[in-house]
Amino acid sequence: MDHGAPIVHDVFGISWLDFNLSNVFMIIVTSLIVFVLSVLGARKLQMKPTGAQNVMEWILDFVKGIVNDTMDWKTGKLFLPLALTLFSYILVGNMLGVVTNGVYENSTWWKSPTADPGLTLTLAAMVIVLSHFYGIKLRGGKEYIKDYFRPLPFLFPIKLIEEFANTLTLGLRLFGNLYAGEVLLALLVGLTSSGVLGFIGGAIPFLAWQGFSVFIGGIQAFIFTMLSMVYISHKVSEEH
Amino acid sequence: MQAFTIYSSVVIWGFHVGDMLVQLFFFALLLFLVKKFAWGPVMNMMKKREEYVANEIEAAEKSRKDAEKAAKEAADQLKQTKLEAQKIIEDAKTAGVKQEQDIIESARQEADRIKKAAQEEIQNEKEKALQALQDQVASLSVLIASKVIEKELSAQDQEKLINDYIKEVGEER
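Line by line, the protein sequences give chains A and B. Here the working numbering is used: position 90 in the first sequence is 90, and no number is missing along the way. Here the working numbering is used: position 131 in the second sequence is 131, and no number is missing along the way.
You may find that some hints are simply not true.
Claimed, not checked - Derived DEER-like restraints, expressed as beta-carbon distance ranges:
1. 65(B) x 146(A): 29 to 35 Å
2. 99(A) x 33(B): 20 to 26 Å
3. 65(A) x 66(B): 34 to 40 Å
4. 78(A) x 51(B): 45 to 51 Å
Said to hold, decoys possible - Computed list of lysine to any residue pairs in SDA-like fashion (alpha-carbon distance at most 20 Å, straight line):
5. 48(A) x 72(B)
6. 48(B) x 73(A)
7. 79(B) x 67(B)
8. 35(B) x 61(A)
9. 72(B) x 61(B)
10. 64(A) x 35(B)
11. 44(A) x 50(B)
Honestly, the hints are just simulated from the structure, not real lab data. Please read all numbers here as calculations on a predicted model, not as lab measurements. Built from N, CA and C at the ideal position, the CB exists for glycine as well.
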């Protein structure tokens, strides 16, 4: 972790517009991988599914299960593409950081896009904003406002705080897990490459931690999708 | 060195508005693209398959019902045919019995007729024979009588004979 990040300040002369080019690069890479895999999987669709189509349908059924667990299917099917994209994007993003971290010219270029709090919080905020948007759209503004005073009116401040807390926890949970995993992997890489003794001591924990990171990556993608759907269902469902 | 590490770590995940905008834009783009090119078609295919399976089940149900109906019809027809066959056999039996009785009856009548005819013929013959016999007896008796008379018939005897004869005739009447 003793490498900097390729940050560009004040793009187009706008004082607040900073880019971390590694993030931009990884966002594009992750999106591209997800897109290519999805399209490859959706190629040659048949009545009798074979190969990649089975995988696609399994993922779809899996995410459908997540959506179905949190809300009824009538409203839930509206969010299936969102849930699918969230799941696949976060899963792929997580895995990219587990496979390797790439350093070029003393800057970390290749890492998980989900190991950046800005990006995970962006995703979380997007989910929360969408939940509010669809809450108003599907149930009307009156019901939406009323929901802040349920079940008891004096809980309103807590309800208000909850919205921000949800955003923060949703984004930071993902970031924390992934970032911790990457830090530990980077430390173990440092240990393993430090000498013969270091290699002997570091290789096995490194392998174990990498395996565990794969596990965490999958779990976190699942949790993020699940919680997103839960938050959305809180806003769009009639009763809870 | 330690301070530098912490410093660069902080720098690595600092908040950058540009990143966020890029993230939002690419996520929205990705959402749109995979929905259009990957998940949409997959979902359509799954829905199509669901419909297909439902249709197949419906068709199977229908054909099962048809088969049941056909089997029932066949059973009914078989039953009816059996009944008809039985009826035909029974009819044939009664017809046979009737025919038998007719034959016996006609045979009996024929026999009766033949018997009657035979009896009549016998009667005729008998009568004829009797007639012939009577004729013969009459002529014979006349012959004998004439012979006897020729021989020894006195006046007395003749008278007696005539009387006897008359008496006899009178008794007979």
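So, going through the hints one by one against the coordinates:
In this structure the hint that residue 65(B) and residue 146(A) lie 29 to 35 Å apart at CB is violated, the actual value being about 52 Å. Between residue 99(A) and residue 33(B) the CB atoms are about 24 Å apart, so this pair conforms to the stated range of 20 to 26 Å. Hint check: residue 65(A) to residue 66(B), Cβ distance near 38 Å, so the stated range 34 to 40 Å holds. Taking 45 to 51 Å as the suggested C-beta distance range, the pair residue 78(A) and residue 51(B) does not conform, at roughly 21 Å.
A threshold of 20 Å between alpha carbons decides the hint, and for residue 48(A) with residue 72(B) the separation of about 37 Å lies outside it, so the pair is violated. About 18 Å separates the Cα atoms of residue 48(B) and residue 73(A), which keeps this hinted pair within 20 Å; it holds. With a C-alpha separation of about 18 Å, the suggested pair residue 79(B) and residue 67(B) falls inside the 20 Å cut-off, and the hint holds. In summary, the hint linking residue 35(B) to residue 61(A) is supported, as the alpha carbons are separated by about 15 Å, within the 20 Å threshold.
With a CA separation close to 16 Å, the supplied pair residue 72(B) and residue 61(B) stays within the 20 Å bound. Only pairs whose Cα atoms come within 20 Å are accepted, and residue 64(A) paired with residue 35(B) is accepted, the gap being roughly 14 Å. The straight-line distance between the Cα atoms of residue 44(A) and residue 50(B) is roughly 18 Å, inside the 20 Å bound, and the hint therefore holds.
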